[in-house]
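Construct the entire structure; sequences and hints are all you get.
2 protein chains.
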Amino acid sequence: MSEVESFFKSAFSVDNVIFGFDGSDLKVLLIQRGAAPFKGKWALPGDLVYPNEDLDTAAERVLEQLTGLRGVYLEQVKAFGAVNRHPLGRVITIAYYSLIKISDYSVTPASFAQSAKWHSLGEVGELAFDHNEILDNCLKELKHKVRMAPIGFELLPPKFTLTELQQLYESILETELDKRNFRKKILSMNLLQDLDEVQEGVAHRPAKLYRFDRKRYVKFVAEGFSFDI
Amino acid sequence: MSEVESFFKSAFSVDNVIFGFDGSDLKVLLIQRGAAPFKGKWALPGDLVYPNEDLDTAAERVLEQLTGLRGVYLEQVKAFGAVNRHPLGRVITIAYYSLIKISDYSVTPASFAQSAKWHSLGEVGELAFDHNEILDNCLKELKHKVRMAPIGFELLPPKFTLTELQQLYESILETELDKRNFRKKILSMNLLQDLDEVQEGVAHRPAKLYRFDRKRYVKFVAEGFSFDI
Numbered sequence: 001m002s003e004v005e006s007f008f009k010s011a012f013s014v015d016n017v018i019f020g021f022d023g024s025d026l027k028v029l030l031i032q033r034g035a036a037p038f039k040g041k042w043a044l045p046g047d048l049v050y051p052n053e054d055l056d057t058a059a060e061r062v063l064e065q066l067t068g069l070r071g072v073y074l075e076q077v078k079a080f081g082a083v084n085r086h087p088l089g090r091v092i093t094i095a096y097y098s099l100i101k102i103s104d105y106s107v108t109p110a111s112f113a114q115s116a117k118w119h120s121l122g123e124v125g126e127l128a129f130d131h132n133e134i135l136d137n138c139l140k141e142l143k144h145k146v147r148m149a150p151i152g153f154e155l156l157p158p159k160f161t162l163t164e165l166q167q168l169y170e171s172i173l174e175t176e177l178d179k180r181n182f183r184k185k186i187l188s189m190n191l192l193q194d195l196d197e198v199q200e201g202v203a204h205r206p207a208k209l210y211r212f213d214r215k216r217y218v219k220f221v222a223e224g225f226s227f228d229i
Numbered sequence: 001m002s003e004v005e006s007f008f009k010s011a012f013s014v015d016n017v018i019f020g021f022d023g024s025d026l027k028v029l030l031i032q033r034g035a036a037p038f039k040g041k042w043a044l045p046g047d048l049v050y051p052n053e054d055l056d057t058a059a060e061r062v063l064e065q066l067t068g069l070r071g072v073y074l075e076q077v078k079a080f081g082a083v084n085r086h087p088l089g090r091v092i093t094i095a096y097y098s099l100i101k102i103s104d105y106s107v108t109p110a111s112f113a114q115s116a117k118w119h120s121l122g123e124v125g126e127l128a129f130d131h132n133e134i135l136d137n138c139l140k141e142l143k144h145k146v147r148m149a150p151i152g153f154e155l156l157p158p159k160f161t162l163t164e165l166q167q168l169y170e171s172i173l174e175t176e177l178d179k180r181n182f183r184k185k186i187l188s189m190n191l192l193q194d195l196d197e198v199q200e201g202v203a204h205r206p207a208k209l210y211r212f213d214r215k216r217y218v219k220f221v222a223e224g225f226s227f228d229i
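These protein sequence lines map, in sequence, to chains A and B.
Going by our numbering, the first residue of the first sequence is number 1, and it counts up by one from there.
Going by our numbering, the first residue of the second sequence is number 1, and it counts up by one from there.
Read the hints as simulated data drawn from the structure, not as lab findings.
Be careful, since some hints might not be right.
A pair counts as met if it fits within one copy or between any two copies, since identical chains are not told apart.
In the DSSO-like style, the derived pairs of lysine-lysine whose C-alpha atoms are separated by at most 27 Å in a straight line are [what the hints assert, rightly or not]:
1) Lys-78 / Lys-9
2) Lys-208 / Lys-41
3) Lys-143 / Lys-9
4) Lys-184 / Lys-39
5) Lys-117 / Lys-219
6) Lys-219 / Lys-145
7) Lys-27 / Lys-140
8) Lys-9 / Lys-208
9) Lys-159 / Lys-101
10) Lys-219 / Lys-78
The structure is reproduced here in structure tokens:
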């Protein structure tokens with residue numbers, strides 16, 4: 001065996017961290033593994049990459065095979081390559097993540113996924129492989145991203161109140177935000193369109209409704225400003 | 001051969017994109033390969049990862065073996081895994097990057113690096129493998145990072161003028177910045193300490209000297225503000 005051949009003994013996989021918002025809580029989509037290794041354990045939807053498949057394609061294919069989710073925008077986060085992270089041999093994994101509105105998708109477990117279920121972040125126990133570490137890293141990335149880019153607005157109804165927007169941020173950031181500062185920050189960027197409408201059919205004093213103005217955001221970025229919550 | 005074994009036929013590598021600032025220009029450290037494949041071509045300092053080595057350790061080891069650079073903080077950026085990116089077989093690579101002050105380090109090519117040289121970004125020709133694509137991605141990441149975190153200050157002398165700071169940003173961002181806006185933005189964050197000193201021995205009117213105040217930055221972040229140039 002030549003020196004170079006001894007390097008070609010590894011495999012690699014993709015693991016998908018799909019975050020979902022259900023209107024009040026941030027959740028993560030996990031599968032229960034119906035095959036070894038870690039049979040019966042909950043895990044991120046991930047699998048080995050075929051020899052003739054590129055990474056982005058593999059991430060989409062694996063997600064669809066295990067959970068039925070299609071058309072989800074996946075972003076690569078990080079490679080995890082600890083030497084003994086996989087019991088079958090040297091396997092490095094590339095983690096991808098996404099943030100979706102749970103009600104927009106239906107989940108259908110298949111392949112070696114015995115079941116697939118949205119879990120609240122607080123309910124995630126010990127996962128297979130190093131998946132807790134991968135989840136933690138992707139959650140950190142999501143928290144960073146949601147403060148730096150307006151990716152949260154797609155999870156809300158088209159017309160929303162500032163309280164709904166703040167609750168979304170509080171769910172994702174897992175922290176309470178100061179109401180006055182939050183409103184000041186978000187309104188000062190001038191990216192919300194005041195619809196001159198209020199909520200209907202609520203018991204409390206109806207709140208004003210806003211819409212995120214994507215055109216203003218494009219202009220905002222072109223002028224060198226940065227989104228920052 | 002079992003179905004699983006057929007996946008364990010791959011290798012993986014690390015590639016390091018080391019950006020350096022020489023006081024006026026942003027450069028990248030390249031090696032000239034003295035071994036196949038791509039013998040004689042310029043490339044990023046990278047190599048295959050040993051079966052018993054984790055990724056971060058491999059990145060440091062490979063950088064030191066090829067260029068002599070030690071103690072450089074490397075940050076993982078992205079995995080590149082196009083099917084035919086390597087002529088010897090399926091090899092995915094994990095890219096790392098760093099930003100250093102060129103005068104703080106000496107470069108000593110060794111192993112299969114025939115030479116190692118800092119290149120201005122404009123002088124980088126066609127590189128081995130998919131290294132142009134990797135370099136482009138890391139440069140994009142650097143430009144993003146330098147606007148969001150005060151990583152540039154370590155490249156300047158401890159006392160610097162606002163013009164020097166602006167030139168640093170212009171080199172990294174590869175664009176001219178509006179002087180008035182730049183000064184307004186940087187000073188409004190209140191992270192620079194005005195030293196009440198001016199330059200000495202310059203032909204033009206001496207400019208004021210500043211120092212980056214790391215303590216103020218820690219407080220700034222703790223209070224929920226974000227660095228933004």
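Right, here's what the structure says about each hint:
In this assembly of identical chains, the alpha carbons of Lys-78 and Lys-9 lie at most 27 Å apart whether taken from the same copy (22 Å) or from different copies (22 Å). Neither within a single protomer nor between protomers do Lys-208 and Lys-41 lie at most 27 Å apart by alpha-carbon distance, with minima of 46 Å and 62 Å respectively. Neither within a single protomer nor between protomers do Lys-143 and Lys-9 lie at most 27 Å apart by alpha-carbon distance, with minima of 36 Å and 36 Å respectively. Taking the shortest Cα distances, Lys-184 and Lys-39 never come within 27 Å of each other, neither inside one copy (50 Å) nor across copies (58 Å).
In the homo-oligomer, the alpha carbons of Lys-117 and Lys-219 never lie at most 27 Å apart, since the shortest distance is 39 Å inside one protomer and 41 Å across protomers. In this assembly of identical chains, the alpha carbons of Lys-219 and Lys-145 lie at most 27 Å apart whether taken from the same copy (20 Å) or from different copies (21 Å). Taking the closest pair of Cα atoms, Lys-27 and Lys-140 come within 27 Å of each other only inside a single copy of the chain (14 Å); across copies the shortest separation is 31 Å, beyond that limit. Proximity of Lys-9 and Lys-208 under a CA criterion of 27 Å is satisfied in neither setting, with 60 Å inside one chain copy and 59 Å between copies.
Within a single copy, Lys-159 and Lys-101 get their C-alpha atoms as close as 15 Å, which meets the 27 Å cut-off; across copies the closest is 49 Å, which misses it. Neither within a single protomer nor between protomers do Lys-219 and Lys-78 lie at most 27 Å apart by alpha-carbon distance, with minima of 31 Å and 29 Å respectively.
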